[in-house]
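Protein chains: 2
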Amino acid sequence: MKPVAGLMIALVVVSSSRAADPLPSWNDTAPKKAIVAFVERVTTEGSPDLVPPAERIAVFDNDGNLWAEQPMYFQAMFIFDRIQQLAPQHPQWQTQEPFASVLKGDVKAALAGGEPALLEMAMATHAGVTTEEFERIASDWITTFRHPQTGKLLTEMVYQPMLELLDFLQANGFKTFIVSGGGIEFMRPWSERVYGIPPEQVIGSSIKTRFEMRDGKPVIVRLPELNFIDDKAGKPAAIQHHIGRRPLFASGNSDGDLQMMQWTSAGAGPRFCLYLHHTDAEREWAYDRQSHIGRLDKGLDEAATNGWTVVDMKNDWARVFPVSQ
Amino acid sequence: MKPVAGLMIALVVVSSSRAADPLPSWNDTAPKKAIVAFVERVTTEGSPDLVPPAERIAVFDNDGNLWAEQPMYFQAMFIFDRIQQLAPQHPQWQTQEPFASVLKGDVKAALAGGEPALLEMAMATHAGVTTEEFERIASDWITTFRHPQTGKLLTEMVYQPMLELLDFLQANGFKTFIVSGGGIEFMRPWSERVYGIPPEQVIGSSIKTRFEMRDGKPVIVRLPELNFIDDKAGKPAAIQHHIGRRPLFASGNSDGDLQMMQWTSAGAGPRFCLYLHHTDAEREWAYDRQSHIGRLDKGLDEAATNGWTVVDMKNDWARVFPVSQ
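Protein chains in written order, with the working numbering: chain B, 185 to 509; chain W, 185 to 509.
This is chain B alone, in the form it adopts within the complex:
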């Protein structure tokens, strides 16, 4: 009967985050100042804009926002790797597209079919196992697979400034959620360890599942049938479905996050929308309006119109990844 320990840790974090700079990897430019000012405004006792802790909901896109997404979504690497692993059980894949291209190592051809092709491959590689089996598979993969260009573990390609932002918000009573187009069960096995975000605060795309008894043991089986795509207009709908409250703070990096931003900013009282603009070809990647992944076009325009905060990665971040680059 000792929940006290966890609470004490939370108290300590609050104290230390006040003493030291809570966002050391952010340069002292406009975005950092705007974030700190907003948090102060909604959390200071006596402030006319004080928001009760229960309503301090912060939502974060994942791909390209909490971790990198180039040269392709990291989950696509997982899908390709799974296809290689599962190929012996699916001889027809040797000639069947898009699987055949994956097995030949021709990523471009494999992705030529766009989202439908990726979805087909996701179904083929993410279903047919129980939730517990899938958790183990994703968990094992994420601790061993290395990014083909950087050689880093993918969990080393999370953004240090965003980790600090998550900590800063959590220390100030915010409940932080991931709201990603990526697979909900792909992220959950490592979201708590890497981001401090527990599985129940992870929202994502999903396939259908079915509860059944196998040899007298209950299991939840993953089915090759789409349940929900958590992207664009799906994001505010998913936020309402899972959280049931409008966010106070939203953070994303692409047009896929635009509706989430619109929904957030239209709430009563102060709201904060943060767009991450990938401008750093040297330390990370530079891409926006023309990119086939993480396109940021309409979002940039609406951010300017609505006064949302845009992070210029190159100028506003002192550091990008946690380990030295």
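Please note: incorrect hints may appear among the correct ones.
As the list claims (entries may be wrong) - Across the chosen pairs, the derived CB separations fall in these ranges: (1) B/396 <-> W/336: 36 to 42 Å; (2) B/409 <-> W/336: 40 to 46 Å; (3) B/290 <-> W/324: 48 to 54 Å; (4) W/224 <-> B/313: 20 to 26 Å; (5) W/312 <-> B/231: 37 to 43 Å; (6) W/490 <-> B/288: 51 to 57 Å; (7) B/396 <-> W/279: 42 to 48 Å; (8) W/499 <-> B/396: 23 to 29 Å; (9) W/339 <-> B/334: 30 to 36 Å; (10) W/377 <-> B/231: 33 to 39 Å.
Said to hold, decoys possible - Listing some non-contacts, in silico: residues in chain B with all C-beta distances to chain W over 12 Å: (11) 213; (12) 311; (13) 316; (14) 369; (15) 484.
I should point out that these hints are in silico values taken from the structure, not numbers from a laboratory.
Since the model is a prediction, treat every value here as computed from it, not as a measurement.
Glycine included, every Cβ here is placed at the ideal spot set by N, Cα and C.
Assemble the complex: chain B is given as a structure, and chain W must be docked to it using the hints.
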């Protein structure tokens, strides 16, 4: 920047729950002893069965478990009341079943179609508005509608012993969730006030929604299309979808909760399953194996087989409802 206040309150609750009897409305019979022993076992530092706070997930069915469900699900009363309200805009309901029976006040005939009929009426009365409008409608209704037999507000027909159990678990670091066959957005407007359970910890049945812009303002519209029925085998699937972790503690009262119990008890380490048996015709209602609402038949058998705890309302509860009866 003051989340400290909330944390201090949590600390105070922990202390006081230790000093006084945390479950005063429970008689000192087996169920209370089993609950207290279990919580001690999984929360005491140094216990071989200590469970980290993050994994202390407790799930509660709502109808017949946290509040009463007789002579019909309370949400059915809401549906009937909505039909009366909306009838002027739907002249065809005067002759169209099951609406015509509702308008005539013939509840039995209205419910003769079983679940499909109820579902049809739910769609007709719960959709076509935005999420914000529906929240206001449900919120207004729950604060004014009175139970036809007891004359109480429905939120006065919650079970005092269960409120104490929720508090006790929360004070011991458990995260408490509602997992109900009822509508997720019907419960959220009052779950925090009545149960201390925030909207993001409410899981239930749902209809589909769509995000759209109306006059430049983003809204989420409720559609007359079923999304998910959170009952029976749907419950463990929904728990996995929303929480992503197997519960440590499950509480229900009907066969609709059986799969949730099976899923919970099959987890590694100690787990606790609690069935509420309605045995008190005097203070509440007495029903089980033959009831058309909240049938508890297979559940009673499996509880006996598996050693799950069964609460005999009449003998194990010193008090049923919060206000004097």
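Hint check:
1. B/396 <-> W/336: 36 to 42 Å: Given a distance of about 41 Å, which is inside 36 to 42 Å, the answer is holds.
2. B/409 <-> W/336: 40 to 46 Å: With a Cβ separation near 44 Å, residue 409 of chain B and residue 336 of chain W satisfy 40 to 46 Å, so the hint holds.
3. B/290 <-> W/324: 48 to 54 Å: violated (60 Å)
4. W/224 <-> B/313: 20 to 26 Å: With a Cβ separation near 37 Å, residue 224 of chain W and residue 313 of chain B fall outside 20 to 26 Å, so the hint is violated.
5. W/312 <-> B/231: 37 to 43 Å: Check passed, 38 Å falls within 37 to 43 Å.
6. W/490 <-> B/288: 51 to 57 Å: Given a distance of about 52 Å, which is inside 51 to 57 Å, the answer is holds.
7. B/396 <-> W/279: 42 to 48 Å: holds (43 Å)
8. W/499 <-> B/396: 23 to 29 Å: Since the Cβ atoms of residue 499 of chain W and residue 396 of chain B sit about 36 Å apart, the hinted range of 23 to 29 Å is violated.
9. W/339 <-> B/334: 30 to 36 Å: The hinted range 30 to 36 Å is violated for residue 339 of chain W and residue 334 of chain B, with Cβ atoms some 55 Å apart.
10. W/377 <-> B/231: 33 to 39 Å: At roughly 24 Å between Cβ atoms, residue 231 of chain B and residue 377 of chain W fall outside 33 to 39 Å, so the hint is violated.
11. 213: Answer for residue 213 of chain B: holds, closest chain W Cβ roughly 21 Å.
12. 311: holds (14 Å)
13. 316: violated (9 Å)
14. 369: Since the minimum Cβ distance to chain W is about 7 Å, residue 369 of chain B lies within 12 Å and the statement is violated.
15. 484: holds (19 Å)
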